[in-house]
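Take these sequences, add in the hints, and give me the full structure.
As you go down the protein sequences, you meet chains A and B in turn. Numbering-wise (the numbering used here), the first sequence opens with residue -5 and increments by one. Numbering-wise (the numbering used here), the second sequence opens with residue 16 and increments by one.
Everything labelled a hint here was simulated from the structure, so no lab data went into it. Among the clues, some could well be false.
Only part of the chain A face toward chain B is listed, based on derived beta-carbon distances under 10 angstroms [stated by the list, open to error]:
no., residue
1, Arg107
2, Trp206
3, Thr281
4, Gly305
This one's a predicted model, so the numbers in the text were calculated from it and none came from an experiment. Just so you know, even glycine gets a beta-carbon here, dropped at the ideal spot from N, CA and C.
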Amino acid sequence: MEAVPARARAYVACTVLCALFCLLPLPAVPTSWRAVALLAVLYAGCEQAAARWRFAGTFYPVLLAGAFLLPPPAAALVGLPGALLSRVDQRPRRLRRSWRAAQLVLGVWAAGRVHWALGGRDAVAGSDFPYALVPAGAAVLAFCLVLTALDGGIRALAERVPVRRAWRGLFVRSLAPVVVHGLAGLMMAVLWRSPYGPVAALLVLLPMCVSWWVFTQYHRERAAHQATIRALVQAVDIKDEYTRGHSERVGQASMMIARELGMDDERVEVLRFAGILHDVGKLGVPTRLLRKDGPLTPEERRVIELHPEYGHEMVRGIGFLGEARAAVLHHHERLDGSGYPYGLRGSQIPQAARVVAVADAFDAMTSTRCYRRARPVPLALEELERCAGAQFDPQMVAALVQALDRCGWHPAVTAEEQPHIPAPAVPVAGRPGVGS
Amino acid sequence: MSARPPLTLLIHVCAAVLAAVSLAVTHRTGLVERPTALAFGLLVTVGELTRWTGARVREAAPLGAAGAMSYALLGEDAGRPTHHGVTQVVAVVLAAALIGSVPHIARGRGPVLDHLARRVLTVGFAAVCFQPLYNRGAFGEWRGPAYALLLLALLALTALCDAVLAAALAHSRTRWPFGPLLRDELHALLGIGSAVCATGAVMALAVAVVGLWALPVFSLPLLLTQLSFRRYAAVRTTYRQTITSLARATEIAGYTPTGHARRVAALSRAVGRDLGLTRPELTVLEYAALMHDIGQLSLVDPVPAGATAVLPAAEQRRIALLGGAVVRQTGVDSAVAVVVERQADPYREQPLAARIVRAVNAYEEKSRDAGPGGPLTALEELRLATAGDYAPEVVESLARVLARDCLTLPAAG
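Below is the structure:
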């Protein structure tokens, strides 16, 4: 958000006005100011602590407990200090803070209003279960609705997401976590009102905090894990300087083909890994051979052709890669059975391997190698279509053509220009996939 | 479990006696307040059923533990005092845990007996601390917030007791030193342990206020915690697999013999444990041991048989520095890179983990092709070199670990 559009500013201003309107009857509301202050301090403190220790949580249970305990305007006040003091990393900070505060005020106010109207307050005070679940459920629904409605609006206006897509999936995605937060909030409210008091209510937050902490650890570990996979690939790049960035691009092309084939997200991700890791076995090929300038002798070629097996040997212990492991082993098989290592034919070749083979050949042709310049994308596609049936699966080639038609080819990593080396003999012409 | 160590046997016998007495007494007197007993039994069963069976988790069934604790500390149900005693608590929890363990036993996973013994003893402890006093009205003075704090204190005490028990069982099973095991257990209390304690207390209080409806309402957030722990454990496992694969790169490239990195890692971990390293330190040690040869990937020609321990010191250091550079790129904790980088330094300048990797690596290289007398000769050579290259305390610890395993190493896979 470098320059915030004027209409987005207007939208935020409107939201803030609505929020102020909700808070207007505050002086006349009979409420326990001690409870309001305690909850507000709790919320602000939790948010600060979460920002400092990089938790992944939002403390909706506190806000919702407020909505279940206090009159709507007083409950809406609970989130205000926390949101105004919260840490914002991106500019414009003031605008973002006031947006966040107004959004929370409106959400909590709506939740409190619904809860109040359904008589939830007495149900909480008298711990009238299971009836207390009804107003609480309705309140949680209202809270979630208001938040996602406002979020969709800002997405459409400030981030210029098309109006059709701005709201898509927002509500469904946020409902499940908010419901869990709502249950915790209800428990907090009930215990707060019980003889055991706020101390017991605080205990409810502890398991939630632990869960957020673990969630953060999970993300940290996952990032480290992906960095490690990247390192495997970089290790190949160090040995084989011809193909710098090749692995990432093949990963991207495989992902595009998989999407085009309508695979689910998990499989698409696995295929991306398959593309990234397809040449990892080159770690096992002597560096001298990979860097050799002249034509390869048949024996040297045989050694290089071992790399799919080496690669499979390396990645077979990594459970989550699933079918990507088969793709690493078989990405040099050809449909007519003349490929290696096993000479599989047609549908014997795993689907993932057929995807990666096309992606691999495509990138090999469209990137500059020291022995030739890159071919333009349409020429490369023509070549792929020519070889479809004999070498490549026509379905995959067609999917790649369609995907490129729609999105174009914007490789994230561009090949570095290699210093010009006297051109050695090109490996067998007309076999675009070989040697990449 | 043919030959059970005496301490494990003692704990199992205690648990069995407690369980038998509780079942007998409950059978004779019958259950009081059946619906409550049934509801808590159901909760514990569900908790046990959703127990995960991964090897490296501390509290495998947080929901089951929290449910059992809250039943042990339950004093009121929707405002009416309850009357169940210690024996009923133990009997209900035991029955529920047994039912919940059936699928796990059927699939032949996990040391179920240790788990059950721990559950029975800790629940018994909590119930003994609370129920007789409560039923006699001794907590009459403790009203309101003070009562909540009392429950929390009791739970903390129980958690401590459980940590000691877990450490004792692990100690007697593995013969690793007791102190570090207990420290690890106590450290883990801060994580999932605190969540279990808090949930146990909240459930007991919430049932006291709203009745049994509190159980489903509140087990959902804890299930969430359990889920995120499981995902965390899963990603840790994958990460470990990836590191192991990265370590195999040198083997496939022909720089080191097959299985070398894995054997050095396993032996280093054992030595680290013997020397009392903490759990995070052990992880760093293991990763460093797995990747200690990775610098050889940068060499254009392999070292003969990957045996770096016989190279000149300057060359060893160069390879170590190259390895450190590769590890730094991998996004692994930078402590691992430090260990890899310093593995060839004289031991007086090394961190402990690097000393371990160096000594274990040298032992592995010297002993692997030396035939039946190899291990003893290798150990002797290491002992003679303790003046400069290898740390004496590490070599001694290595000797202890090897003696425990009868001087055999896990065979190459």
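Against the structure, the hints:
1. Because the beta carbon of Arg107 of chain A sits about 23 angstroms from the nearest beta carbon in chain B, more than 10 angstroms, this interface hint is broken.
2. For Trp206 of chain A, the interface hint holds, since its Cβ comes within 10 angstroms of a Cβ in chain B; the closest pair sits about 8 angstroms apart.
3. A least Cβ separation of about 5 angstroms between Thr281 of chain A and chain B falls short of the 10 angstroms threshold, and the interface hint therefore holds.
4. Here the hint on Gly305 of chain A is kept, as its CB sits about 9 angstroms from the closest CB of chain B, short of 10 angstroms.
Violated hint for the displayed structure: number 1, the only one.
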